[in-house]
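> Based on these hints, arrange chain U on the given structure of chain Z.
Those protein sequence lines, which keep their order, are chains Z and U. Numbering of the first sequence is given in our numbering, commencing with residue 1 and proceeding in unit increments. Numbering of the second sequence is given in our numbering, commencing with residue 1 and proceeding in unit increments.
Hints listed in this document are in silico derivations from the structure and should not be mistaken for laboratory results. Here a beta-carbon is modelled for each residue, glycine too, at the ideal position from N, C-alpha and C. Check the hints yourself; a few may be wrong.
[To be verified] Which chain Z residues stay away from chain U? Per the calculated CB distances, all over 12 angstroms, these:
no., residue
1, 53
2, 144
3, 150
4, 160
5, 167
6, 174
7, 185
8, 193
9, 227
[What the hints assert, rightly or not] Think about it this way: if two alpha-carbon atoms lie no more than 27 angstroms apart in a straight line, the pair counts; the simulated DSS-like pairs of lysine-lysine are:
no., chain 1, residue 1, chain 2, residue 2
10, Z, 171, U, 23
11, Z, 109, Z, 171
12, Z, 23, U, 171
[Said to hold, decoys possible] If you anchor each label on the Cβ, the simulated ranges turn out as follows:
no., chain 1, residue 1, chain 2, residue 2, range
13, U, 111, Z, 197, 19 to 29 angstroms
14, U, 143, Z, 32, 31 to 41 angstroms
15, U, 215, Z, 114, 15 to 25 angstroms
16, Z, 23, U, 180, 19 to 29 angstroms
17, U, 115, Z, 92, 48 to 58 angstroms
18, U, 236, Z, 5, 48 to 58 angstroms
19, U, 174, Z, 224, 48 to 58 angstroms
Number of protein chains: 2
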Amino acid sequence: MTQAAITAAILVIGDEILSGRTKDKNIGTIADYCTAIGIDLREVRIVPDEADRIVAAVNALRNDHTYLFTTGGIGPTHDDITADSVAAAFGVSIDVDPRARAMLLERHKPEDLNEARLRMARIPASADLIPNPVSKAPGFRIGNVFVMAGVPAIMQAMLDQIGPTLTTGAKVLSETIEAGNLPEGTYAGGLATIARAHEAVSIGSYPSMTPNGFANRVVVRGKDPEEVTRARDAVVALLDALREGADA
Amino acid sequence: MTQAAITAAILVIGDEILSGRTKDKNIGTIADYCTAIGIDLREVRIVPDEADRIVAAVNALRNDHTYLFTTGGIGPTHDDITADSVAAAFGVSIDVDPRARAMLLERHKPEDLNEARLRMARIPASADLIPNPVSKAPGFRIGNVFVMAGVPAIMQAMLDQIGPTLTTGAKVLSETIEAGNLPEGTYAGGLATIARAHEAVSIGSYPSMTPNGFANRVVVRGKDPEEVTRARDAVVALLDALREGADA
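Pulled out of the complex, with its shape left as it was, chain Z reads as follows (with noise of 0.2 angstroms):
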């Protein structure tokens, strides 16, 4: 439990985004992913590509956690700007990289290598690439920020290979229990009262609609087994007792 927190952060660059125009699926991917592997996702923002805005997020989220990912920007049109921004931020040149370019001509051949698709091989001075199994252009790590793509095939792909370069801290438990159609209103006090009891664990509630009205959760989250088994048990007792208390 002395373990310090390993946290993370994520910046989604994209236009398209902020217009509605596409739905983003990468938020709940990387934060089911960094939950799965002990890494707390703390915080999340989105911004258009402009460079002035993705170079201030990024060097605010990268001084603020452990990890950054950022996702989107790194293809071959104009409006893919992540790669020169990054650099910007960091303070460090930009060219075509040879292993980048490589890993292009995997996919491309040589006289097809036109100046926009080596754009997708233009990488910060002192960067590692994030193969891209899918369709070749890498993303890369520069410092403690990885940069990949928007595509979620290839986003996920990329995920999955620099998930074991991770550190991770101690894994998140999570107990869920159901209160159904218990009313929030109805258990918020003793709620309360277990949560002020049971520090250790942060203990959340969350309403959801169905057609039937209301279906709500109680979850129990902490790093600790055994406090968040208690906790979870003194949930548990509370929601029997109202359930009583409502049929008697």
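Below, chain U alone, put in the same frame as chain Z:
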């Protein structure tokens, strides 16, 4: 074209989004809504249920944009701290609001309006309420900040109500040109030339994966219908020329 841009940001509040347990649907809904009514969504942030993080994000985003929309954290449980955090961000007091209490009484008997449920009637001083036709507990507007529920059906109902009160800008028109399986790398150079020649519009290229490989789209966006049409025609001509070249 001299009209000042109306901009907006979204702040999503909730541990459950960052842990991956809940997949956000509100960002896409609000993004589509803003685009439809001529508001430029410029930034999104997701932060955990922690007062200092919420206060900092609210103040950064409300200062930078015409409007800030928040979702999540306005329920009855101890982890619902959005209203108190927004009051702190504005430096105003917060207490049970008689108007909000009256709304809750439309759903709950007076004897069921316990301390936890009354949390949902805590509204920062000077705020206007946003009625909640689904489950009565209201959202609120204070200054340029609109505080809404996280449950998508309730958020949508609140958004529909505040929409007509917003100042909107010139609507962004959008034309989508299907590039199909024409590789981005073949048209990226020509597209950059078109983008430079039509600076009043923004042009993006968006790949997606299908079972048959990439399916690419080019999107031209702008507020001047004639400029959008001219740029679209140029893109169509570029893609047609490349397809003829490929068939030749």
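> Return holds or violated for the Cβ distance of residue 215/U and residue 114/Z against the range 15 to 25 angstroms.
21 angstroms, holds
> Is the hinted range of 31 to 41 angstroms satisfied by the C-beta distance from residue 143/U to residue 32/Z?
Check passed, 36 angstroms falls within 31 to 41 angstroms.
> Regarding the assertion that residue 160/Z does not contact chain U, is the least Cβ-Cβ distance greater than 12 angstroms?
16 angstroms, holds
> Say whether it holds or is violated: residue 150/Z keeps its Cβ farther than 12 angstroms from all Cβ of chain U.
Incorrect as stated: the minimum Cβ-Cβ distance to chain U is 9 angstroms, not above 12 angstroms.
> Can you confirm whether the C-alpha distance between residue 23/Z and residue 171/U stays at or below 27 angstroms?
Satisfied, since the Cα-Cα distance of roughly 20 angstroms is no more than 27 angstroms.
> Would the hint linking residue 171/Z and residue 23/U be met if the CA-CA limit is 27 angstroms?
20 angstroms, holds
> Quick check for students: does the CB of residue 53/Z sit more than 12 angstroms from each CB in chain U?
Violated, because the least Cβ-Cβ distance between residue 53/Z and chain U comes to about 8 angstroms, which does not exceed 12 angstroms.
> Lying within 48 to 58 angstroms: is that true of the beta-carbon distance residue 115/U to residue 92/Z?
For residue 92/Z against residue 115/U, whose Cβ atoms are near 55 angstroms apart, the range 48 to 58 angstroms holds.
> Is the Cβ of residue 167/Z farther than 12 angstroms from every Cβ of chain U?
19 angstroms, holds
> Looking at residue 144/Z again, its CB stays over 12 angstroms from all of chain U?
Given a closest Cβ separation of 18 angstroms, the condition holds.
> Beyond 12 angstroms from chain U, beta-carbon-wise, is residue 227/Z?
For residue 227/Z, whose nearest Cβ neighbour in chain U is about 17 angstroms away, the distance exceeds 12 angstroms, so it holds.
> Please test the hint of 19 to 29 angstroms on the beta carbon pair from residue 23/Z and residue 180/U.
21 angstroms, holds
Of the numbered hints stated above, those contradicted by the structure are hints 1, 3, 6, 7, 8, 11, listed in ascending order.
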